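Enquirer: Protein chains in written order, with this note's numbering: chain H, 1 to 319; chain W, 320 to 639.
No wet-lab data here; the hints were simulated from the structure.
Treat each hint with caution, since some may be false.
Said to hold, decoys possible - Okay, derived cross-link-like pairs now, DSSO-like style, lysine-lysine, Cα gap no bigger than 30 Å in a straight line: (1) H:Lys-123 - H:Lys-195; (2) H:Lys-153 - H:Lys-244; (3) W:Lys-575 - H:Lys-153; (4) H:Lys-244 - W:Lys-632.
From a predicted model like this one, the values you see are computed outputs, not experimental measurements.
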Amino acid sequence: MSTELTAPGRSPHDDESATTHRVVRSRSDRRFDLVNAIFLVVVCIIIGYPLWFVAVASISDPAAVESGQVWLWPVDLTLDGYRRVFDEPAIWTGYRNTIVYTVIGVLIHLAIVLPCAYALSRKELVGRTAVTWYILFTMLFNGGLIPTYLVVKNLGLLDTLWAVVLPGAAGAWSILVGRAFFVQTVPDELAESAKVDGASDFQIFFRVAIPLSAPIIATLALFHGVGLWNEYFKALIYLSDREKYTLQLILRELLIVSQDPTQGGGGDAGSADSIAEQLRLASLIKYAVMIVASLPLLVIYPFLQRFFTKGVLIGSVKG
Amino acid sequence: MADVAAVEVAPTPTTARPTRWQVLRRRLRGCWQLYVLALPAIVFFLIFNYVPMYGVQIAFKDFVASRGIWGSRWVGFDHFERFFNSFYFWRLLVNTLVLSLYQLVLFPLPIILALSLNEVKNRFFKRFAQTLTYAPHFVSLVVVVSMLFAFLDPRVGLANHVAGWFGVGPIQFMQEAGWFRHLYTWSGVWQNLGWSTIIYLAALAGVNPELHQAAEVDGAGRLRRIMHVNIPAIMPTVVVLFILDFGSFMSVGFEKVLLMNNSLNSSTSDVIQTFVYQAGLLQGQYSYAAAVGLFDSVINIAMLVLVNQLARKFSENSLW
Numbered sequence: 001m002s003t004e005l006t007a008p009g010r011s012p013h014d015d016e017s018a019t020t021h022r023v024v025r026s027r028s029d030r031r032f033d034l035v036n037a038i039f040l041v042v043v044c045i046i047i048g049y050p051l052w053f054v055a056v057a058s059i060s061d062p063a064a065v066e067s068g069q070v071w072l073w074p075v076d077l078t079l080d081g082y083r084r085v086f087d088e089p090a091i092w093t094g095y096r097n098t099i100v101y102t103v104i105g106v107l108i109h110l111a112i113v114l115p116c117a118y119a120l121s122r123k124e125l126v127g128r129t130a131v132t133w134y135i136l137f138t139m140l141f142n143g144g145l146i147p148t149y150l151v152v153k154n155l156g157l158l159d160t161l162w163a164v165v166l167p168g169a170a171g172a173w174s175i176l177v178g179r180a181f182f183v184q185t186v187p188d189e190l191a192e193s194a195k196v197d198g199a200s201d202f203q204i205f206f207r208v209a210i211p212l213s214a215p216i217i218a219t220l221a222l223f224h225g226v227g228l229w230n231e232y233f234k235a236l237i238y239l240s241d242r243e244k245y246t247l248q249l250i251l252r253e254l255l256i257v258s259q260d261p262t263q264g265g266g267g268d269a270g271s272a273d274s275i276a277e278q279l280r281l282a283s284l285i286k287y288a289v290m291i292v293a294s295l296p297l298l299v300i301y302p303f304l305q306r307f308f309t310k311g312v313l314i315g316s317v318k319g
Numbered sequence: 320m321a322d323v324a325a326v327e328v329a330p331t332p333t334t335a336r337p338t339r340w341q342v343l344r345r346r347l348r349g350c351w352q353l354y355v356l357a358l359p360a361i362v363f364f365l366i367f368n369y370v371p372m373y374g375v376q377i378a379f380k381d382f383v384a385s386r387g388i389w390g391s392r393w394v395g396f397d398h399f400e401r402f403f404n405s406f407y408f409w410r411l412l413v414n415t416l417v418l419s420l421y422q423l424v425l426f427p428l429p430i431i432l433a434l435s436l437n438e439v440k441n442r443f444f445k446r447f448a449q450t451l452t453y454a455p456h457f458v459s460l461v462v463v464v465s466m467l468f469a470f471l472d473p474r475v476g477l478a479n480h481v482a483g484w485f486g487v488g489p490i491q492f493m494q495e496a497g498w499f500r501h502l503y504t505w506s507g508v509w510q511n512l513g514w515s516t517i518i519y520l521a522a523l524a525g526v527n528p529e530l531h532q533a534a535e536v537d538g539a540g541r542l543r544r545i546m547h548v549n550i551p552a553i554m555p556t557v558v559v560l561f562i563l564d565f566g567s568f569m570s571v572g573f574e575k576v577l578l579m580n581n582s583l584n585s586s587t588s589d590v591i592q593t594f595v596y597q598a599g600l601l602q603g604q605y606s607y608a609a610a611v612g613l614f615d616s617v618i619n620i621a622m623l624v625l626v627n628q629l630a631r632k633f634s635e636n637s638l639w
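So here's chain W without its partners, still in its complex pose (with noise of 0.2 Å):
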């Protein structure tokens, strides 16, 4: 940071030079062991990350292995071009798009079960509701998918013998097209409703209690102190989540829609990465994924970028 470069122009260029490079020397030989403690970090990242980025380029080339990622041909936007003019380019956008933004919608759910928790003097209660509300979240995805067939089965599912009961048809929870971004997102809900309160109940624990007590003298009952006093002592977390969550707009989780997507539900449920994994992986055509998965994480930057500017402008919390 700043005071590294401050220590380095110090020795004053009047006295007989020790020259700056002799001093980084010096200073370097003094932290050398520092630098062997973070060798093994810093290797990995290079392997698994920024080797990578390096392979991006296959994007804009035709990869063939035996030639390798230097020695095949530069084909420029070719892929790019080939997965904006295909059919199923605006159904993949949508259908991503569609996730995040239903996903989104429902961001305000964890702040209201936060500013309900936080209004539970009842510490044993409280202790109670948090523990069980996070438990989902240790349960994996697999599992969480497993519990929708079993639960949505059309013969033998819980679901389908309380529609029964409403002469309602056995419904085809899994196959129906209409159904997977409710099952999907909701589900998802189910998971992380209670983890993503952690946060939040935080901020919440460091509301200055004296601006509760002003209120009350003011005569304002606990709904009027939650709406003026805690919901804008939380906003900056709000705002810096909400970036956050602006940040992975379009790689909805896609590991979970893997698990859910079939060929009867895939009109709603083929977005962009799982398309990424279907060709690239299960096809073989790597220069082709690659491209489509570059398309998204540039899409991820702008959003994060553009929100974090609006952020700024409209607020005065952002990420940087």
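In isolation and in its complexed conformation, chain H is listed as follows (with noise of 0.2 Å):
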């Protein structure tokens, strides 16, 4: 299903009653329409001006950002902050790995979740309700965060790409997603006739599931995509050199964990010094910084909409 979930048809105006009833039908409808779209306009500005106030501040001087004289447009125009942005190293290297982190993280997913899900969709599998089950249970129960810390651990995990990009690699939400697809687009008439054919459930897999799953694996890659991009905390806890860190890492430093030395949250930010210059960076940078983190997934997002919403709703059926 696509965001363009119209109304459902309803035409006020083709009854025959009285035309009285119908002009105070029709007006009390318009004053209706007015009202719903104030309430819209006001609800989309109060979500939108936080981001417009960004943008506007990651282009505007920081001294007329910081003593409040920018509201709607840039105020001194400047691409200063943007241009130290880029002259920064940890922020280059946290990009980076963000981006392998991401890309790697997404191919895993597939290539656990997509050959699952497939052979889950298939009435021949014996015991399939067993592995089901195998799999739901783990939406139900899990060991937490410190049994999930030991296995990382005890694996030599600790301080790779690896503990970043495998602890939640698969999950059964995004195998039920994909098990529904298959369900669909490779009905078992058709996995019968290939079988008639002599193709083996390898050969269906590749060669005929495959080829037809564009939209699921777009869907797939972009949610975990998304998730592995903005995730934090894994980062946080598993890793220590600073060379591996991601880029929501980096920026946790820069501008949270800097704005208040008393932080508790673990970490190390360093030296009084060290505090002091991240300070005087942060306010120089934190718009642009902000803008540049986020940029790529708010451009992306709107041409694929329909991808994530198709996810949204796939999964909540089956959830």
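Now that you have both chains on their own, put them together as the hints suggest.
Expert: Pasting the structure below:
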């Protein structure tokens, strides 16, 4: 289903009843539409303004922003903030790491989820119910933070890319979404006729199912990719080498920990000197860096909105 | 499912015996490739979900890394008792519950927005409003909290400039415990209000237009049709989502809490999950933290079951 979820068709003006009745009704109708439109415009302003302000402040002179002169339009237009962001090696490293982790993470996600979703969509899989429950149960109960951490630690994954990418690489939700998709796209008759032609399950999966699954690949990849891009907690608990930090972790240090020396969240903000240094830097680049970190997703998603809404909807039906 | 069992019983016992076991073996041989396809996922869930579940037993042990999970000494419910008797137990519990309740009270907001969007006839405006309100969902938690810090800065933040006009002195929004709950909850509303409408909009699109026509013939205006046609139509969706919300009742979005948590606002911002992180990963009290985490997830499951029971009793809609 796409986002153009049109309102159920209704035609207020085509009944033949008394004209006065119709006039009254269409007037109250118009009043309703007006109030509704005002309400939505207010909601849009409330939701849009913070984003707008960040964008405007990122290209304004920091002094003007801090003294409260910037409201709606940039004041003393400058790209200095962006220039400094790109001069900051830590941000570059973080950016590169985030891209690498996201790409690898998405590939692993697909490699685990798609084959399993396909297998579960086939009736002839003996013990399908058992396997499904095996996966569903993980939705209901999980070991929690500490036992998961110990597993990652015992596997020797601490401070590696795999610690960020592997835990959570597959989830019951994605597999259910994928299974629902394959049940529809590769119906039993199709699989059976391929089998009659001598195709094995592998061949059906790789030659028939995969070529048909562009929409589900897009949906799964986008959901997982957005999650990885915005993830900070796994990086925070599993990584200690600054060269491996993700963009979100760098941002956290720069914009949150430095704002607040009392921050109890752990991490190593460093000496008082480096905190002061970070504070100074943060005040110059904070808006630009927020834009740099968020823009890729904000620009991409309107074009891919239908994949996202589809994911939410299939997931909700099955969940 | 049922059909699998039915097929297995099918070979009647009177005919010359391919035993149940042989039949099963033959059918397994027929689908071994499917099992190979499912294998990565099966192994994955084993390592990253079931091994941690096995590891939960350290909540009842004194975990010593050198002895491993199995070799550590059993201590029964000691860690739980210590937690229940600690001075911070009630503070953590109350903070967690208040945050959850606060969010639960705001549950109708996305429904209202969806009902309103559903009435828009101009497709362009509707599409624009949807795209705009979905946008914050794609902004990371770190950036959202950074925005809070930037806007609410006591010296240079936008909010305090506005407060200044009204002669209200600079407010330490991010440091005062009294502000934390509102900031946490309303920034969450900002981020997820639009996104949460997706499911309701889909449910509204499925409303039978004849119902609306009938109501209209009866003289019902737009508002009354919303009240008496649209809202009842999406009630099943509402109930199911409400139950799901209860399932995560105790696991408030602690990754965001952690970003906003500091020693000055901790009297309202310490929640159970941030405590698990601090005690377990920062202080290395693995067993104790695992016990606290287990307490949390047990309450979650209990809540889910309880609310599902209630929903089954008082309406026809439930998860199972």
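Enquirer: Now tell me, hint by hint, if it's right for this structure.
Expert: We went through each hint and held it up to the structure:
1. H:Lys-123 - H:Lys-195: This hinted pair holds, its Cα atoms lying about 14 Å apart.
2. H:Lys-153 - H:Lys-244: Since the Cα atoms of Lys-153 of chain H and Lys-244 of chain H sit roughly 17 Å apart, the hinted pair holds (cutoff 30 Å).
3. W:Lys-575 - H:Lys-153: holds (24 Å)
4. H:Lys-244 - W:Lys-632: Violated - the C-alpha atoms of Lys-632 of chain W and Lys-244 of chain H are around 52 Å apart, more than 30 Å.
Figure legend: structure checked against the earlier numbered hints; the only hint not met is number 4.
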